[in-house]
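Protein chains: 4
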Amino acid sequence: MAGNTFGTLFTITSFGESHGCCIGGVIDGCPSNLRVDYDLIQQKIKERQTNSLPYTSSRHESDDVIFLSGISNKLTTGAPIAFYIKNQDIDSSHYEANKGVLKPSHADYTYVKKYGIYDYKGSGRASARETLVRVVAGCFAMMFLQSKAIKIKAYTTQIGSIVYPKPLTQILPDADINDLHCPDKEIYQSMLNELKSTRAQNDSIGGKVSCVIENTPVGLGEPVFDKLQADLAKAMLSINAAKGFEYGSGFQSAAMKGSIHNDLFTSEFRTKTNHSGGIQAGISNGENIYFSVAFKPLASIGQNQESVNIQGEKAIYKGGGRHDVCVIPRVVPVVEAMATLVLADHLLRFNAYKIH
Amino acid sequence: MAGNTFGTLFTITSFGESHGCCIGGVIDGCPSNLRVDYDLIQQKIKERQTNSLPYTSSRHESDDVIFLSGISNKLTTGAPIAFYIKNQDIDSSHYEANKGVLKPSHADYTYVKKYGIYDYKGSGRASARETLVRVVAGCFAMMFLQSKAIKIKAYTTQIGSIVYPKPLTQILPDADINDLHCPDKEIYQSMLNELKSTRAQNDSIGGKVSCVIENTPVGLGEPVFDKLQADLAKAMLSINAAKGFEYGSGFQSAAMKGSIHNDLFTSEFRTKTNHSGGIQAGISNGENIYFSVAFKPLASIGQNQESVNIQGEKAIYKGGGRHDVCVIPRVVPVVEAMATLVLADHLLRFNAYKIH
Amino acid sequence: MAGNTFGTLFTITSFGESHGCCIGGVIDGCPSNLRVDYDLIQQKIKERQTNSLPYTSSRHESDDVIFLSGISNKLTTGAPIAFYIKNQDIDSSHYEANKGVLKPSHADYTYVKKYGIYDYKGSGRASARETLVRVVAGCFAMMFLQSKAIKIKAYTTQIGSIVYPKPLTQILPDADINDLHCPDKEIYQSMLNELKSTRAQNDSIGGKVSCVIENTPVGLGEPVFDKLQADLAKAMLSINAAKGFEYGSGFQSAAMKGSIHNDLFTSEFRTKTNHSGGIQAGISNGENIYFSVAFKPLASIGQNQESVNIQGEKAIYKGGGRHDVCVIPRVVPVVEAMATLVLADHLLRFNAYKIH
Amino acid sequence: MAGNTFGTLFTITSFGESHGCCIGGVIDGCPSNLRVDYDLIQQKIKERQTNSLPYTSSRHESDDVIFLSGISNKLTTGAPIAFYIKNQDIDSSHYEANKGVLKPSHADYTYVKKYGIYDYKGSGRASARETLVRVVAGCFAMMFLQSKAIKIKAYTTQIGSIVYPKPLTQILPDADINDLHCPDKEIYQSMLNELKSTRAQNDSIGGKVSCVIENTPVGLGEPVFDKLQADLAKAMLSINAAKGFEYGSGFQSAAMKGSIHNDLFTSEFRTKTNHSGGIQAGISNGENIYFSVAFKPLASIGQNQESVNIQGEKAIYKGGGRHDVCVIPRVVPVVEAMATLVLADHLLRFNAYKIH
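Chains as they are written, first to last, in our numbering: chain Z, 26 to 381; chain L, 26 to 381; chain F, 26 to 381; chain G, 26 to 381.
A couple of the hints might just be wrong.
In this list, chains with the same sequence are indistinguishable; a pair is considered to hold if it fits within one copy or across any two.
In the DSS-like style, the derived pairs of lysine-lysine whose C-alpha atoms are separated by at most 30 angstroms in a straight line are [as the list claims (entries may be wrong)]:
| id | residue 1 | residue 2 |
| --- | --- | --- |
| 1 | Lys210 | Lys282 |
| 2 | Lys282 | Lys191 |
| 3 | Lys138 | Lys124 |
| 4 | Lys176 | Lys210 |
| 5 | Lys191 | Lys343 |
| 6 | Lys176 | Lys138 |
| 7 | Lys111 | Lys71 |
No lab work stands behind these hints: they were computed from the structure.
None of the values given here were measured: they were computed from a predicted structure.
Based on the sequences and whatever the hints tell you, model everything.
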């Protein structure tokens, strides 16, 4: 495969550039006869959209999804579901101003070296706009998972220095959640302040998203290489700006003793603790799956930066343009979508071998 | 694919159980006419072997690799390279003693639920012994990478509370390295003490491995899903006991500002800093690639633990048997091997599209 | 994979239904910096189009290709190339007339059983219209192959009882070819008559297409399973109405002796004869590759036929609607396209392993 | 994938050279808890073995299968099943005599050009001995299919000029079958004579195998590319010496009219005729699946042949060595095995999407 298809049995093939006419995808392997939940699609798109909050890009897009195939009478047909979303509010002026100068910590250099084509008009294929395709595909995976009562929800657990301190191991009541997807009101205020002050500095800032999956049946995951956590890790690290992944006890486990870390069984095959993060030996064990993903500060900032041009000569990359201060909260539905795609794929693989 | 094959063009298919007759693998897609470096294979196997240090299992295995195909006159032929390593020192007495009782934080429960077969004689397919197959396969990938001057080296950077504090961003002189693969003499001593005291407590302990890759050509990685870091993350999380992965600035980046984090270009397309960890937009940028992997404390400890039997009734899982105190240092060559396999695979994919 | 993606490194993902809004595809793995030959695309589409000849469907479609991504300044960028073609002249009246009755020798029954959805409005996903996607994708593969001087051309060698009697082992001058792609003028006239008389009988008729590939480099094909002929066979049998595939001496070889069949080497590693059809042990040997594909008579005829309805009760399937008398000549560019896709894919795989 | 793995969910990875120490394979994705039918394995191996008939090679091999993994208490465990079979009776004298001279219509030239390695000791990886791996793997697929009552049987329907004249559309009583797998006693005698006279001429001869599959559930096959017949075609053309594939009405359909060819439905969704060969629109329709495979005369003959050496200079390839006169009947169980693997794979894929 050439890199733009994800999944084994439930697959999404992604296409489109941020500054082309559209982005889109083709979902293949979505089971037939699922009722298409258009409200879910609109809700998830909205969560990912540029909005009126002070910390997001001023680019406006309506992001209507145009479906081309695979749906009949609001039901999936089992055929490939193709869709696209137009790019409407394209303003290349900022990119024109930096034409020929490589953007630091961004795709310019590696793309021009790999593909032999210099695309100065925004990051093209490498833009975060591509993740919208994943969100739409994730909704179809979610329709499938919902038919099995599986639930997936992601939260903002860090923005810069503001950290939600507790491990997030279960889904919270919807009422507690705000437009930052932060699970705590006070921390939410601090995060808003962090975003505002970062914006005031013409800077960007990193963050962390944590995700919980409930009601996974026991048995998902295909050792030894396609362990459930391995496919989740790949899914998460394929998201723009992601820098790290941990599940269950994660990096903290490196400092722990086995006598503390081991999850003791209780009767009915449940465990007292859940350091394992719902996955044992690469296979879901029925406990909640939870994991976190770290995101770097976005490369686009409002400050001039030292750089070179495509000839390799010193040049200044000018700050400006319309950009988010932080990949969060817009990446929250993307994390959910990728987790959903992994779960749907593994649920189909699990079905395949359940022959008795 | 059914989960036991890794890679797209350079592939390893793994087989065997820890308490069966052998473990082994089939490498497919290894370029022909590579000289087989048997010394490298012996060295890497030795690094992974149970040895005389106080913190490793007392199980002794000679681990001679028997090659069945794909090599002629000490050269790879381009045909699949099949190999196996016999399991020689099998002592199931500990497992007999716990027959019918599920081992906490281990594969017993998920395997019996997934496959419908209860394998009480050690963890079978889920044993860390399986990783030896990866080490052997990684050596062939390394022979290929060495022909392109690419270097890969992993280090122990944490055992329990003892942490190597600096980011490891380049390969160190061999002379500085000890049998723990720790890059610092004093920290090495502290780590040894941590291992000894853990053993004295009949307990196990977690750790962290950091890996550096040098001389990677610009252009490896296939966005948007098969980004180089995504495939590295999958590779690492497919290793037994791995709980987290981060590359470049990793989880620290969540607290950083873009103005600090951005790697500014210098002339000749190099960067002043390397928070990107050698990968930009999913594609290698020619700087050193570096990443870390967290490992949990092993589930096997010398203490009795509360559990249930396979009927779901309360039971005691007895401590004992022969087990490592820590997955480190034996997992260090496994991390190297998986990184090597990812790089070799992506180098072949890179070659494929270099048509001009 | 879920069945709608073809290829390993050069891939096409197909979507769309004949009576939906459009059909389309996503090409992934097309090398960058190929000049897009829009004339070639138009020519090949035209060859496949419904036209004014007496033997083709009266459905009219302009078949303009709308490209959504992957092309910049008329060059491929290395990103996925998404495209679609609108369905414009949809007339469901014939299908309405047969609503609920299963069409004999067609997709109705197997699709409704497999996907649980009854799509009476034409064959939907199973329509020959889907093959237009392959033709467009094949043009991009062709642009790549042309950069290596590889040539592919298919011919009509049988329509019903009219058979082109000689093996077609090399590409003919363009001037000799007519709108049936038949390599002989007299046989062309007989074929036209066969088509006319079949139409007069409200019937359909089968045929055969033969294809030649010239200038293939030695070495394409990946034994033991992905032999070049194996992937060609799969490609051809994935075309609607295809019933058989043979290459080189084909089914005739079953009656031959080795002393006659063996292709003796001459100096310069060429062979005197080419019963091998340009492929030896699964790998191209530099001689011309040639093969034939048999196609059944199309299921759509102008006669009433006994059938059952979706409840399984006896019913009459009424003849009529707009249909081709024969899959030929419209399938000729489809055969070419699929051959081109296989060659492009194997050329990339060949490149991957050419490391020295 | 690198060419030596077949299948999507039920996979076989093949390894080994005919003149190396062994051949073998790894089956991955075989469902767990299947009882291993060792008698079936022995029977199928025996059918493929060199034996005492006058038309087969005098090479003797006991062909005991050594299983390395994936089986416990005579049950499949769901883990990869690795196995190998030793090569015992290696006599390279014939190959020594022709060292440096390219064997006509054989693998020598393409292998040396592709892999850069000249393996004069028999055809190595390209030997028909490799197909034994497929036979063993096919037995495990068969154990799975038998649990669903699916039956697969192949027959010899042509040797040279002797042709079994009727289409073979159903499985015959076992009693009627002889050591040539020919379904007719008189034709069997003629075939034996054809083989004897060919041997007397120091020549080889081609043939045809026909295969029938009964009790396939409706719904197997994944359009539009992984149609059931497409995967069968690939499977068959991946067998050494195969030159053509046709299913149902096959090449005959090219001369037929739709009014004759269409399979009319009767009540209960069965069809009066079965020109479709049990597959409609790429999906099994519940009728018997039947297909034929043409095989060329083997390249190895007892006569001297004009050739060139590896420098490209004229040379004589000397006749001799131990070889079969015809690939039939030994290829009959190989055809069965490959069909079985395709069916098992598609049955698992079918299971995957059966979610309601």
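Results of checking the hints against the structure:
Taking the shortest alpha-carbon separations for Lys210 and Lys282, only the inter-copy value of 24 angstroms comes in at or below 30 angstroms, while the best intra-copy value is 34 angstroms. For a Cα distance limit of 30 angstroms, the shortest separation of Lys282 from Lys191 qualifies both inside one copy, at 20 angstroms, and across copies, at 23 angstroms. Proximity of Lys138 to Lys124 under the C-alpha cut-off of 30 angstroms is restricted to the intra-copy arrangement: shortest distance 17 angstroms within a copy versus 47 angstroms between copies. In this homomeric assembly, Lys176 and Lys210 come within 30 angstroms of each other (Cα to Cα) only inside a single copy, at 23 angstroms, whereas the closest approach across copies is 48 angstroms.
Taking CA atoms no more than 30 angstroms apart as the test, Lys191 paired with Lys343 passes in neither setting, with 40 angstroms inside one copy and 33 angstroms between copies. In this assembly of identical chains, Lys176 and Lys138 lie within 30 angstroms of each other by CA distance solely across copies; the values are 21 angstroms between and 42 angstroms within a copy. Both within a single protomer and between protomers do Lys111 and Lys71 lie at most 30 angstroms apart by alpha-carbon distance, with minima of 15 angstroms and 29 angstroms respectively.
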